[in-house]
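Engineer: Here's the letter readout for the chains.
Protein chains: 2
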Amino acid sequence: MTWRFSLRTRLIMNRLIITAFFLASAAPALSQQSTASLPPPVLVDPNVAALRDDALEGDHYAWDVVEGLTTEVGQRLAATDAEARAREWGVQKLKTMGFSNVHIEPFTMPVWTRGAESAEIVSPFPQKLAVAALGYSGSTSPAGVTGEIVYFDSVDALRAAPDSAVKGRIVFIDHHMMPAQDGSGYGQFGAPRRQGPTIASRKGALAIVIRSIGTDHHRNPHTGVQYFTDGATPIPAGALAVPDAEQLVRILKRGKPVTMHLTLVSQRSEGARSGNVIAEVPGRDPKAPVILIGGHLDSWDLATGAIDDASGVAITTAAARHIMDAGRPLRTIRIVWFGAEEPGGLGGKAYAEAHGKEPHAIAAESDFGADRIWRFSSQLMKTDPPTYAQLTAALAPLGITKNDNGDADGTDVEPTVAAGAPWISLNQDGTRYFDWHHTPDDTLDKIDPAQLRQNVAAWTAMLAILSGGIESGPKQLKRR
Amino acid sequence: MTWRFSLRTRLIMNRLIITAFFLASAAPALSQQSTASLPPPVLVDPNVAALRDDALEGDHYAWDVVEGLTTEVGQRLAATDAEARAREWGVQKLKTMGFSNVHIEPFTMPVWTRGAESAEIVSPFPQKLAVAALGYSGSTSPAGVTGEIVYFDSVDALRAAPDSAVKGRIVFIDHHMMPAQDGSGYGQFGAPRRQGPTIASRKGALAIVIRSIGTDHHRNPHTGVQYFTDGATPIPAGALAVPDAEQLVRILKRGKPVTMHLTLVSQRSEGARSGNVIAEVPGRDPKAPVILIGGHLDSWDLATGAIDDASGVAITTAAARHIMDAGRPLRTIRIVWFGAEEPGGLGGKAYAEAHGKEPHAIAAESDFGADRIWRFSSQLMKTDPPTYAQLTAALAPLGITKNDNGDADGTDVEPTVAAGAPWISLNQDGTRYFDWHHTPDDTLDKIDPAQLRQNVAAWTAMLAILSGGIESGPKQLKRR
Numbered sequence: 001m002t003w004r005f006s007l008r009t010r011l012i013m014n015r016l017i018i019t020a021f022f023l024a025s026a027a028p029a030l031s032q033q034s035t036a037s038l039p040p041p042v043l044v045d046p047n048v049a050a051l052r053d054d055a056l057e058g059d060h061y062a063w064d065v066v067e068g069l070t071t072e073v074g075q076r077l078a079a080t081d082a083e084a085r086a087r088e089w090g091v092q093k094l095k096t097m098g099f100s101n102v103h104i105e106p107f108t109m110p111v112w113t114r115g116a117e118s119a120e121i122v123s124p125f126p127q128k129l130a131v132a133a134l135g136y137s138g139s140t141s142p143a144g145v146t147g148e149i150v151y152f153d154s155v156d157a158l159r160a161a162p163d164s165a166v167k168g169r170i171v172f173i174d175h176h177m178m179p180a181q182d183g184s185g186y187g188q189f190g191a192p193r194r195q196g197p198t199i200a201s202r203k204g205a206l207a208i209v210i211r212s213i214g215t216d217h218h219r220n221p222h223t224g225v226q227y228f229t230d231g232a233t234p235i236p237a238g239a240l241a242v243p244d245a246e247q248l249v250r251i252l253k254r255g256k257p258v259t260m261h262l263t264l265v266s267q268r269s270e271g272a273r274s275g276n277v278i279a280e281v282p283g284r285d286p287k288a289p290v291i292l293i294g295g296h297l298d299s300w301d302l303a304t305g306a307i308d309d310a311s312g313v314a315i316t317t318a319a320a321r322h323i324m325d326a327g328r329p330l331r332t333i334r335i336v337w338f339g340a341e342e343p344g345g346l347g348g349k350a351y352a353e354a355h356g357k358e359p360h361a362i363a364a365e366s367d368f369g370a371d372r373i374w375r376f377s378s379q380l381m382k383t384d385p386p387t388y389a390q391l392t393a394a395l396a397p398l399g400i401t402k403n404d405n406g407d408a409d410g411t412d413v414e415p416t417v418a419a420g421a422p423w424i425s426l427n428q429d430g431t432r433y434f435d436w437h438h439t440p441d442d443t444l445d446k447i448d449p450a451q452l453r454q455n456v457a458a459w460t461a462m463l464a465i466l467s468g469g470i471e472s473g474p475k476q477l478k479r480r
Numbered sequence: 001m002t003w004r005f006s007l008r009t010r011l012i013m014n015r016l017i018i019t020a021f022f023l024a025s026a027a028p029a030l031s032q033q034s035t036a037s038l039p040p041p042v043l044v045d046p047n048v049a050a051l052r053d054d055a056l057e058g059d060h061y062a063w064d065v066v067e068g069l070t071t072e073v074g075q076r077l078a079a080t081d082a083e084a085r086a087r088e089w090g091v092q093k094l095k096t097m098g099f100s101n102v103h104i105e106p107f108t109m110p111v112w113t114r115g116a117e118s119a120e121i122v123s124p125f126p127q128k129l130a131v132a133a134l135g136y137s138g139s140t141s142p143a144g145v146t147g148e149i150v151y152f153d154s155v156d157a158l159r160a161a162p163d164s165a166v167k168g169r170i171v172f173i174d175h176h177m178m179p180a181q182d183g184s185g186y187g188q189f190g191a192p193r194r195q196g197p198t199i200a201s202r203k204g205a206l207a208i209v210i211r212s213i214g215t216d217h218h219r220n221p222h223t224g225v226q227y228f229t230d231g232a233t234p235i236p237a238g239a240l241a242v243p244d245a246e247q248l249v250r251i252l253k254r255g256k257p258v259t260m261h262l263t264l265v266s267q268r269s270e271g272a273r274s275g276n277v278i279a280e281v282p283g284r285d286p287k288a289p290v291i292l293i294g295g296h297l298d299s300w301d302l303a304t305g306a307i308d309d310a311s312g313v314a315i316t317t318a319a320a321r322h323i324m325d326a327g328r329p330l331r332t333i334r335i336v337w338f339g340a341e342e343p344g345g346l347g348g349k350a351y352a353e354a355h356g357k358e359p360h361a362i363a364a365e366s367d368f369g370a371d372r373i374w375r376f377s378s379q380l381m382k383t384d385p386p387t388y389a390q391l392t393a394a395l396a397p398l399g400i401t402k403n404d405n406g407d408a409d410g411t412d413v414e415p416t417v418a419a420g421a422p423w424i425s426l427n428q429d430g431t432r433y434f435d436w437h438h439t440p441d442d443t444l445d446k447i448d449p450a451q452l453r454q455n456v457a458a459w460t461a462m463l464a465i466l467s468g469g470i471e472s473g474p475k476q477l478k479r480r
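These protein sequences, in sequence, are chains A and B.
Using my numbering, the letters of the first sequence correspond one by one to residues 1 to 480.
Using my numbering, the letters of the second sequence correspond one by one to residues 1 to 480.
If you are wondering where the hints come from, they were derived from the structure by calculation, not from laboratory data.
Take the hints with a grain of salt, since some may be wrong.
[Unchecked claim] In silico contact screen, one side only, chain B against chain A (beta carbon under 10 Å); selected entries:
{"#": "1", "residue": "GLN127"}
{"#": "2", "residue": "LYS128"}
{"#": "3", "residue": "ARG219"}
{"#": "4", "residue": "ASP230"}
{"#": "5", "residue": "THR443"}
{"#": "6", "residue": "LYS446"}
For each residue, glycine too, the CB sits at the ideal point set by N, CA and C.
All chains should be modelled from the sequences, with the hints used to inform the complete structure.
Structural biologist: Here it is as structure tokens:
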């Protein structure tokens, strides 16, 4: 049995939708008042709906991947042996799942690894604080450094300070990031982590600690990448857990000089190896532009990276497998488990260098946890309104809203999108995401299996629509 | 102005209440059907209500104490320098707050302190797990020990196992504690921590790790005390964070032998010093039995002990201060900040040895966090029903229910209660308590100021009723 949108049906639908589009634009007041002027209905292909609903109800592929990867590999810091084990695990898993053309595309990069780390207030109130080094932090000696804390409530306050206020001291940058469904605080409030170390270094700071870029109140610091730019010498750079940063603020408010002893040992070396793991669901038309989906395989070293981003590789891989179970899509679906995203999207850049000039039908990644998808956006809104309308209709039963003002999203597909690939973003609810992001708490228990299945259902529906119609093969459908 | 329950009023009330008590017992069906047969109303003394409501609305004493102690001292492990600093801080604070007879009553005890600790799976899936030693754990060498994990789902399963299944291995005990409002799971599910190490040692185990006795999913292990009894040799004994225990279970379910490398360094020495900090609100009648209230000053070493038990000393001290602000009670209110509760209630025992034979009007402690009080129980239900009825009426507007089946509660007052003191227990809601109990997460941010004030209001009402009437002094009321 073949099922796909018949050409005739699509043409009729497109015409109706385009007509409706213009009607609605031209006479919005009228369209709200008279049912006669409503746009014609957009109906979801029953086969798309069935695939979506099967995934929603019974997907186990995603759980198998996220549970397996986090249990059998655990943390998988970029360019380490652990990440190499993760690639081997991925190749094995993707082959077992029946995907084609499974292979690794390697690249080299500098590797940074964490050593001993601790922070303690020496005076006026001796006590330990929970700290973790930021990626590519400079290293202290094993004995650590001791210095007076100088407080700034923002990166701009640090930037405005005279060098004399900073020189030889340990800079502390505070902020007030709060949870947001779209995660929008991360850009603005992430500045202390991304820019703080360089600015502090250039002003002669001994070291820097920031309030973790996170929205929780647990004693688990949030690490994350930063680079020393503008010729800044690497200095020790760490994040205090949120409760510890608040404790430091309370201590500073007593008005006495605060001295901290800080140990942040780390190692950096060049020429280490990472790579992307790639697999495909071959399309019936090998010349048709491919559909690129995926997440990133590497994680930070503090946890098993369940939400960042084992769930992303799991969701996208599961969706591809549901398409494969249903038959052969017209377009090839290419799954990429990107390497070394956390240190700066190196896997995404390597992919774009190797494949960016190949034609892509769409590029999409999942890298924002495993909570439910609440909205989506796509370039197709402008370039292919009928398909955008179909996506809107197919995702609505999952509670997903279209976002006409959305943007391309995702470090790993960004270089490919920059090279010309159209994009679609399925946005997960990020309300809880920055409670766990880059902390020891990013573990499997944070994933809600029901919400994970909703993700898989959305991705399956999206692939069913964009892959150009699925033709069932000679085999029986095997969905479970 | 003097305000207290007039003798006449009390006699009338008591008679009415006692009559009602018997009526209600004799004819419950009737009393439910006819308003004529309902017990007479129990009215709350307006002065008690005013003190209670002032505390509910505006108490800041409790926050001052809990914020100050956790910020300026931080962790204060029993019998360490940190606990000594906490005692000095307490003496200073209690004097500043205007209490009388502020002093320390010292005692000696063994001290146990934590060194380096780590746990990692060596095979089949190399990865680190979050671990913390239990109190009075045996110590490994700095190099640690390596052994095969043997799994038990309960202490009884370990007890039933042949020695040969355990000998030379690392015992792992699992359990399934869930949150409960009354914290009732702690008794049953705490057995792996309290008894597991001794049983494992006697069967020849190399070491033991348990699933933390906790209800959260954070990478923060729950420590807690255990003793090696029955002649058992101390062995290294640790708690895995709940996500790590679940990870270990998943790894074990793969069916391959699991090897763990465990480092749990600790030190123990005898003859260290702890002590109770004592202060009083002197009563007008120095010969009247005293009212004993308090919490414990020491904490575990992993956090600042905000809910365990800086909040308990803060709540009880604040309530006493509200009474003092209103005037002089008939009975002396004695506040004790008990030392060394965590290692086994040593401060409570020391207090009972010194003061257990003195007459006590009531003994009560706060040691279950700072969430709202939801019910209370007291021996007075049987010995003094009119006062029990007054307490019931005065606490009801705070949402507090009487619990006729309650029991004396609290490690620190237990020896004094055993020596004959009547008791009252104001039970806090424990639903969240075991998320943070004995972990690095027991920090100030876990305290909700509004719920803290509700605690103070309840304790203030209780003291106002039980302290025998408050006579205002020559000074103006100073409540803030």
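Engineer: None of the hints should be skipped; say for each whether it holds.
Structural biologist: Checked hints:
no. : hint   : in the structure
1   : GLN127 : 3 Å, holds
2   : LYS128 : 8 Å, holds
3   : ARG219 : 4 Å, holds
4   : ASP230 : 35 Å, violated
5   : THR443 : 4 Å, holds
6   : LYS446 : 7 Å, holds
Checked against the numbered hints above, the structure breaks only hint 4 and satisfies the rest.
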